[in-house]
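J.: Use these hints to put chain B onto chain A, whose structure you have.
2 protein chains.
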Amino acid sequence: MIPGYSIRRVEKQDYKGVCEALNALTTVGEVSKAQFDATVDHWNHSLVLPNLLQYHPYVILKDNQVAATGMLLIERKLIHGCGLVGHIEDIAVSPRHQGKQLGRALIDHLTSLGLAHCYKVILDCDESNVKFYEKCGYSKAGVEMQHR
Amino acid sequence: MIPGYSIRRVEKQDYKGVCEALNALTTVGEVSKAQFDATVDHWNHSLVLPNLLQYHPYVILKDNQVAATGMLLIERKLIHGCGLVGHIEDIAVSPRHQGKQLGRALIDHLTSLGLAHCYKVILDCDESNVKFYEKCGYSKAGVEMQHR
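Protein sequences, first through last, are from chains A and B. Going by this note's numbering, the first residue of the first sequence is number 5, and it counts up by one from there. Going by this note's numbering, the first residue of the second sequence is number 5, and it counts up by one from there.
Just so you know, the hints here were simulated from the structure itself, not pulled from any lab data. Predicted model only: the values in this text are computed from it and were never measured. The C-beta atom is built at its ideal place from N, Cα and C for all residues, glycine as well. One or more hints might be untrue.
Cross-link-like lysine-lysine pairs, in silico, PhoX-like; alpha carbons within 25 angstroms at most [claimed, not checked]:
hint, chain 1, residue 1, chain 2, residue 2
1, A, K135, A, K104
2, B, K104, A, K144
3, A, K124, A, K135
4, B, K104, B, K66
5, A, K144, B, K124
6, B, K144, A, K124
7, A, K124, B, K139
8, A, K20, A, K37
9, B, K139, A, K144
10, B, K124, B, K144
11, B, K135, A, K144
12, A, K104, A, K139
13, B, K144, A, K139
14, A, K37, B, K20
15, B, K104, A, K124
16, A, K37, A, K104
17, A, K144, A, K20
18, A, K66, A, K20
19, B, K20, B, K37
20, B, K144, A, K135
21, B, K20, B, K66
Derived contacts from chain B toward chain A, CB cut-off under 7 angstroms, selection only [as the list claims (entries may be wrong)]:
hint, residue
22, L26
23, T31
24, V35
25, A38
26, Q69
27, H84
28, L117
29, H121
30, V125
31, D130
32, S132
33, Y137
34, G146
35, E148
36, R152
Excised from the complex, chain A in its bound form (with noise of 0.2 angstroms):
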């Protein structure tokens, strides 16, 4: 980790800490304190294997206070012989932080815990990121499409 951060998963205590990071990158809305709490509580208690957590929420902090956060989900899948898939969910960096490096930092250990569990890690980026996480490791694989 880069020297003066650390990284741990999201505990309830960074309520406002999450949802300020999360702003940076996209409408959070209206979240409560206790909807906050029963969210990583869920992801606390998920498991997609008997011992594997299916949920894993992270944040980068700084003298206590959260700078990044980030989450990889985990599938199971019945092809590649009941194969898990990682998804990389909702990267958010504090603007406070930016430029520090702390998204290739999230990425590498979501990246690394995704591939000690699935045969790959996938997630979803406007096309002006593709080139950062070529960096990471990643490759194009598709098209992203939506429906809402």
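T.: Using the frame of chain A, we list chain B on its own:
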């Protein structure tokens, strides 16, 4: 549904048919009946909300045989007011049943199911399938990146 065909959740009796259909899509590898049953059990018991299953694996049947299969996975996020996102995965039509709009029927079913609960449904596809998904109401949202 297309006349002569029906749709329902995957059941344990679909073992051979689902594996055969998925083989038209990608490598299934060695999946024993016991592994299939354990995976279906997991899909049937994992909750994303107290009253909502996380995995929605479906088959289209004709004469009690699997003609197509596909999955909707629901993810629980913080963004968008603790919103849910649907991921469509592993859409496969058996070679004997191709050209009969089963892919379209399956996507429409899984999309409706997803949008009943989620603020968006997403999927990754090859560039060659973009026009098909646009006909299903999807639009391009980004680039899929993978790390193996």
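J.: State for each hint whether it applies.
T.: So, going through the hints one by one against the coordinates:
no.	hint	in the structure
1	K135/A x K104/A	17 angstroms, holds
2	K104/B x K144/A	31 angstroms, violated
3	K124/A x K135/A	19 angstroms, holds
4	K104/B x K66/B	12 angstroms, holds
5	K144/A x K124/B	23 angstroms, holds
6	K144/B x K124/A	23 angstroms, holds
7	K124/A x K139/B	29 angstroms, violated
8	K20/A x K37/A	9 angstroms, holds
9	K139/B x K144/A	24 angstroms, holds
10	K124/B x K144/B	13 angstroms, holds
11	K135/B x K144/A	19 angstroms, holds
12	K104/A x K139/A	15 angstroms, holds
13	K144/B x K139/A	24 angstroms, holds
14	K37/A x K20/B	47 angstroms, violated
15	K104/B x K124/A	32 angstroms, violated
16	K37/A x K104/A	29 angstroms, violated
17	K144/A x K20/A	34 angstroms, violated
18	K66/A x K20/A	14 angstroms, holds
19	K20/B x K37/B	9 angstroms, holds
20	K144/B x K135/A	19 angstroms, holds
21	K20/B x K66/B	14 angstroms, holds
22	L26	6 angstroms, holds
23	T31	6 angstroms, holds
24	V35	6 angstroms, holds
25	A38	10 angstroms, violated
26	Q69	18 angstroms, violated
27	H84	6 angstroms, holds
28	L117	12 angstroms, violated
29	H121	13 angstroms, violated
30	V125	5 angstroms, holds
31	D130	6 angstroms, holds
32	S132	10 angstroms, violated
33	Y137	5 angstroms, holds
34	G146	4 angstroms, holds
35	E148	4 angstroms, holds
36	R152	5 angstroms, holds
Going through the hint list in order, the structure does not satisfy hints 2, 7, 14, 15, 16, 17, 25, 26, 28, 29 and 32.
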